[in-house]
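Keeping the supplied structure of chain A fixed, place chain B upon it in accordance with the hints.
Top to bottom, those sequences are chains A and B.
Per our numbering, the first sequence runs over residues 97 to 314.
Per our numbering, the second sequence runs over residues 17 to 88.
None of these hints come from the bench; they were simulated from the model.
Don't take every hint at face value.
As the list claims (entries may be wrong) - Cut-off 20 Å, straight-line C-alpha distance, at most; resulting in silico cross-link-like pairs (SDA-like, lysine to any residue): (1) A:K283 with A:L271; (2) A:K212 with A:R140; (3) A:K283 with B:V58; (4) A:K283 with A:D211; (5) B:K50 with A:V289; (6) B:K50 with A:V159; (7) B:K50 with B:L39; (8) A:K283 with A:F205; (9) A:K283 with B:S52; (10) A:K283 with B:Y43; (11) A:K283 with A:A310; (12) B:K50 with A:V285; (13) A:K212 with A:Q313; (14) B:K50 with A:Q313; (15) B:K50 with A:A310; (16) A:K277 with B:L54; (17) B:K50 with B:A62; (18) A:K283 with B:A49; (19) A:K277 with A:M137; (20) A:K212 with A:M137; (21) A:K283 with B:V59; (22) B:K50 with A:R290; (23) A:K283 with A:I273; (24) A:K283 with A:I158; (25) A:K283 with B:A48; (26) B:K50 with A:R308; (27) A:K277 with B:V40; (28) B:K50 with A:A281; (29) A:K283 with A:R293; (30) B:K50 with A:S286; (31) A:K283 with A:V159; (32) A:K277 with A:L314; (33) A:K283 with B:K50; (34) A:K277 with B:E55; (35) A:K212 with A:P202.
Stated by the list, open to error - Derived CB-CB ranges, DEER-like: (36) B:E66 with A:L259: 51 to 61 Å; (37) A:G267 with B:M47: 12 to 22 Å; (38) A:Y278 with B:S23: 33 to 43 Å; (39) B:L41 with A:L191: 17 to 27 Å.
Fair warning: this is a prediction, and the values are worked out from it, not measured in the lab.
Glycine residues also receive a C-beta, built at the ideal position from the N, C-alpha and C atoms.
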Amino acid sequence: MLTYAPVDADQGVIQKIFYVHVPLAIVALGGFIAGGVMAIMYLRTRDRRWDMRSYVTIHLSIVLAVGVLITGSIWARASWGHWFVWDEPMLVVFLIVFLLYATYQPLRFSIEDPDKQARYASVFAITAGAFVPLCFGAVRMAESVTHPPTATMTTSSPGTVTLTFLVALTGMTLLFITLCKYEMASKNVSATVRRLRRRLAGDDDQLSATGRSAAPQL
Amino acid sequence: MLVTALSSSEQYVAGAYVVFLALVLVYLAIMAAKLSRLEREVVELAQLAEGRDAVPEDRAPASSSQAQPVVR
Numbered sequence: 097m098l099t100y101a102p103v104d105a106d107q108g109v110i111q112k113i114f115y116v117h118v119p120l121a122i123v124a125l126g127g128f129i130a131g132g133v134m135a136i137m138y139l140r141t142r143d144r145r146w147d148m149r150s151y152v153t154i155h156l157s158i159v160l161a162v163g164v165l166i167t168g169s170i171w172a173r174a175s176w177g178h179w180f181v182w183d184e185p186m187l188v189v190f191l192i193v194f195l196l197y198a199t200y201q202p203l204r205f206s207i208e209d210p211d212k213q214a215r216y217a218s219v220f221a222i223t224a225g226a227f228v229p230l231c232f233g234a235v236r237m238a239e240s241v242t243h244p245p246t247a248t249m250t251t252s253s254p255g256t257v258t259l260t261f262l263v264a265l266t267g268m269t270l271l272f273i274t275l276c277k278y279e280m281a282s283k284n285v286s287a288t289v290r291r292l293r294r295r296l297a298g299d300d301d302q303l304s305a306t307g308r309s310a311a312p313q314l
Numbered sequence: 017m018l019v020t021a022l023s024s025s026e027q028y029v030a031g032a033y034v035v036f037l038a039l040v041l042v043y044l045a046i047m048a049a050k051l052s053r054l055e056r057e058v059v060e061l062a063q064l065a066e067g068r069d070a071v072p073e074d075r076a077p078a079s080s081s082q083a084q085p086v087v088r
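Excised from the complex, chain A in its bound form (with noise of 0.2 Å):
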């Protein structure tokens, strides 16, 4: 990836980031607008299997933000000196949407009763769900000079980083998924065996066998 894509003629060999860095926004955004669709779902149906699925996707989703933070700030120092810059919108409004979603796990951690905790956690999601699109919305509608949207980027790019970009793309958006796949079959493997270890102690209580968790009971 890094050999194949053109060096940049304004940028140099620091336009590099923009491979990993972009992707990994995409993704996390994605992540976040997802989350949000399967919390509808979970509000729909009821099923505990959505609220964990959105959960999961968040929270990877948060992972990825961290991602994007960091190799953000690292292309901000290299290319404008400065490891963040507060009057470029399309930062700050990352940064917000970061923060409101650093609430999320909290929110869930202290709410006791599990139907409560997915209720207001579904709500959560649905509402910073829809705020992501319309934050990024209003950013590309106020477009910035110094930090252009990716799809100029793109179209007005030789197809060769095109092409990088959108294998970039490919790769990240399975990589969430796979890990997605990994992280909920893990959750459903520790619900089972608490499960089997409830039934073979013969407890019933949930509450006092699993203890108070963010993540969902199933």
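Using the frame of chain A, we list chain B on its own:
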């Protein structure tokens, strides 16, 4: 040695990619730790279940020995 061979710009690029790689590796390491804990728990549960099954089996010969004369 590798760091000194890279220019300042290349170091930033390498740093960004290393951060991404580290993030994925840390995540996988945490998942691996969780999986090994799960594996231990499953073994523990299997032993517990086997222990439970062993109790009726111990009692079984006594009842079967009582039942044997009836069969004959």
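Right, here's what the structure says about each hint:
Between the alpha carbons of A:K283 and A:L271 the distance comes to roughly 18 Å, so the proposed pair stays at or under 20 Å and holds. The straight-line distance between the Cα atoms of A:K212 and A:R140 is roughly 15 Å, inside the 20 Å bound, and the hint therefore holds. Proposed proximity of A:K283 and B:V58 is supported: the alpha carbons are some 14 Å apart, at most 20 Å. Of the supplied pair hints, the one linking A:K283 and A:D211 holds, its CA atoms being roughly 18 Å apart against a limit of 20 Å.
Distance restraint check for B:K50 and A:V289: the Cα-Cα separation of roughly 13 Å lies within the 20 Å cut-off, and the hinted pair is therefore satisfied. For the given pair, B:K50 sits about 17 Å from A:V159 by alpha-carbon distance, which is consistent with the 20 Å threshold. For the proposed pair B:K50 and B:L39, the alpha carbon gap of about 17 Å is at most 20 Å, so the pair holds. Our distance criterion of 20 Å between C-alpha atoms is met by A:K283 and A:F205, whose separation comes to about 16 Å.
For the hint linking A:K283 to B:S52, the alpha-carbon distance of about 13 Å falls within 20 Å, and the restraint holds. At most 20 Å may separate the alpha-carbon atoms for a hinted pair to count; A:K283 and B:Y43 meet this at roughly 15 Å. In summary, the hint linking A:K283 to A:A310 is supported, as the alpha carbons are separated by about 12 Å, within the 20 Å threshold. Between B:K50 and A:V285 the alpha-carbon distance is near 11 Å, which keeps this suggested pair within the 20 Å criterion.
A C-alpha spacing of about 12 Å is found between A:K212 and A:Q313, which places the hinted pair at or below 20 Å, so the restraint holds. Straight-line distance between C-alpha atoms of B:K50 and A:Q313 comes to about 17 Å, which keeps the hinted pair within the 20 Å bound. For the hint linking B:K50 to A:A310, the alpha-carbon distance of about 16 Å falls within 20 Å, and the restraint holds. Restraint check: the Cα-Cα separation between A:K277 and B:L54 comes to about 17 Å, which is no more than 20 Å; the hinted pair holds.
The straight-line distance between the Cα atoms of B:K50 and B:A62 is roughly 18 Å, inside the 20 Å bound, and the hint therefore holds. Restraint check for A:K283 and B:A49: satisfied, since their Cα atoms lie roughly 13 Å apart, inside the 20 Å limit. Under the criterion of a C-alpha separation no larger than 20 Å, the hint pairing A:K277 with A:M137 is consistent with the structure, at around 18 Å. At roughly 16 Å between alpha-carbon atoms, A:K212 and A:M137 fall within 20 Å of each other, so this suggested pair holds.
Between A:K283 and B:V59 the alpha-carbon distance is near 18 Å, which keeps this suggested pair within the 20 Å criterion. Restraint check for B:K50 and A:R290: the C-alpha separation of about 14 Å stays at or below 20 Å, so the hint holds. Note on A:K283 and A:I273: the hinted pairing holds, with a Cα-Cα distance of about 15 Å set against a maximum of 20 Å. A hinted pair counts as satisfied when its Cα atoms are at most 20 Å apart, and A:K283 with A:I158 qualifies at roughly 18 Å.
Between A:K283 and B:A48 the alpha-carbon distance is near 13 Å, which keeps this suggested pair within the 20 Å criterion. About 18 Å separates the Cα atoms of B:K50 and A:R308, which keeps this hinted pair within 20 Å; it holds. For the proposed pair A:K277 and B:V40, the alpha carbon gap of about 15 Å is at most 20 Å, so the pair holds. Taking the CA atoms of B:K50 and A:A281, the gap is near 11 Å; set against the 20 Å cutoff, the hint holds.
For the proposed pair A:K283 and A:R293, the alpha carbon gap of about 15 Å is at most 20 Å, so the pair holds. Of the supplied pair hints, the one linking B:K50 and A:S286 holds, its CA atoms being roughly 9 Å apart against a limit of 20 Å. A C-alpha spacing of about 17 Å is found between A:K283 and A:V159, which places the hinted pair at or below 20 Å, so the restraint holds. With a C-alpha separation of about 16 Å, the suggested pairing of A:K277 with A:L314 holds against the 20 Å cut-off.
Our distance criterion of 20 Å between C-alpha atoms is met by A:K283 and B:K50, whose separation comes to about 10 Å. Of the pairs offered as hints, the one joining A:K277 and B:E55 holds, with about 18 Å between alpha carbons and a cut-off of 20 Å not exceeded. With a C-alpha separation of about 14 Å, the suggested pairing of A:K212 with A:P202 holds against the 20 Å cut-off. Separation of B:E66 from A:L259 is about 57 Å and conforms to the stated range, judged on CB atoms against 51 to 61 Å.
Between A:G267 and B:M47 the C-beta distance comes to about 19 Å, which sits within the given range of 12 to 22 Å. Between A:Y278 and B:S23 the beta carbons are some 37 Å apart, a value that agrees with the proposed interval 33 to 43 Å. Between B:L41 and A:L191, the C-beta spacing of about 25 Å keeps the proposed range 17 to 27 Å intact.
In terms of the numbered hints stated before, the structure departs from none.
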